[in-house]
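S.K.: Sequence:
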Amino acid sequence: MVLTQCAEPKQYPSGQHDLWVKASASNPDVLNSQKEAFVNFNVNLDSDKSYMLNRKREGDKISIWIQEVETGAVVSPVLTDELSRPLQIDNELRKRQCRSGSI
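Residues in the sequence shown are numbered consecutively from 618, following our numbering.
Hints listed in this document are in silico derivations from the structure and should not be mistaken for laboratory results. Keep in mind that a hint or two might mislead.
Stated by the list, open to error - No farther apart than 30 angstroms at their CA atoms in a straight line, the calculated lysine-lysine pairs in the DSS-like style are these:
no.	residue 1	residue 2
1	Lys652	Lys639
2	Lys627	Lys652
3	Lys712	Lys652
4	Lys678	Lys639
5	Lys639	Lys666
6	Lys639	Lys627
7	Lys678	Lys652
The task is simple: from the sequences and hints, build the whole structure.
M.R.: Spelled out as structure tokens, the structure:
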């Protein structure tokens with residue numbers, strides 16, 4: 618499988634943030650192979666720095682963290698979730714989660 622979505626580095630307003638992150642993976646050679654995982658970060662960010670997501674995948678488990686672009690310093694805990702097939706009923710739950718975030 619190949620990770621299909623990865624956010625570009627960004628700058629955020631300084632302070633405490635509640636960030637929901639969706640990891641999406643699929644195999645381009647297999648129809649309907651999309652799998653997703655979700656993690657929630659509560660992290661304090663500085664406004665004068667750029668941040669990016671990074672990840673490590675082992676089988677159907679994915680670990681995700683936030684790091685500062687220039688130094689590579691990890692600024693969040695490393696969160697791990699299971700990649701699984703998305704359920705249609707989860708769509709409304711995910712929308713509510715994203716609306717509850719600070720950004």
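S.K.: Tell me, which hint numbers fail for this structure?
M.R.: none
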